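Enquirer: So the chains spell out like this:
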Amino acid sequence: AQSVTQLGSHVSVSEGALVLLRCNYSSSVPPYLFWYVQYPNQGLQLLLKYTSAATLVKGINGFEAEFKKSETSFHLTKPSAHMSDAAEYFCAVSPMDSNYQLIWGAGTKLIIKP
Amino acid sequence: DAGVTQSPTHLIKTRGQQVTLRCSPKSGHDTVSWYQQALGQGPQFIFQYYEEEERQRGNFPDRFSGHQFPNYSSELNVNALLLGDSALYLCASSFQGRANYGYTFGSGTRLTVV
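The listed protein sequences correspond, in order, to chains A and B. For the first sequence, our numbering assigns the number 9 to the initial residue and increments by one for each residue that follows. For the second sequence, our numbering assigns the number 5 to the initial residue and increments by one for each residue that follows.
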């Protein structure tokens, strides 16, 4: 069964610093990979997705993620954090042969210090 | 363009009662998926409805049932409520239900069982 691990339930960075949120997946075959963001009292919004094209994926709000098959990772980065980036971030996978559901990590809450 | 609409936004029920949650998909979408998100956790897939039928189901008991109407809107029904059913219930709509096309999420229904 596929699973997703997000390292760190909380990550705190200073405004202007690099943001790095980690995601590792467990799957015998590389799946589709996603990052979603959830602001307080809101639903989930797609940041970016990997669907077997380019391994470096650019998303909205300046975020990007790199798929590394050898490390089964899909870490999310942003060069310079803004206060508005404070939210919870979820990594999710979907198997390519049964692409009708998302399997989610537990989430990482990003805290931005002024 | 209206996104995904869920109702009600909040609900308090007593153990043993039944509840119905509603979802209207984004315009142009024909598939509705339901997810349960317990506090501090990632969402868990309940089921997906496409062409008015349940196409795929997660690891949830039969107390959880659903329906999709000809206009693509959907209902989630939960019978014999347990305290553990307290969670945020998220509806996601998509075109043909494929995760790699991207899901649009509603803001959710917060269900509290007392």
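Honestly, the hints are just simulated from the structure, not real lab data. These numbers come from a predicted model, not from an experiment. Any given hint could be a false lead.
As the list claims (entries may be wrong) - To give an idea of the chain B side of the interface with chain A (calculated C-beta under 7 Å), a few residues:
{"hint": "1", "residue": "Gln-45"}
{"hint": "2", "residue": "Gly-110"}
{"hint": "3", "residue": "Ser-111"}
To be verified - Which stretches of chain A does chain B cover? Using the computed rule of at least three CB atoms under 8 Å from a CB of chain B, they are:
{"hint": "4", "segment": "62 to 71"}
{"hint": "5", "segment": "110 to 120"}
Just so you know, even glycine gets a beta-carbon here, dropped at the ideal spot from N, CA and C.
Enquirer: List in ascending order the numbers of the hints, as given earlier, that are violated by the structure.
Expert: 4
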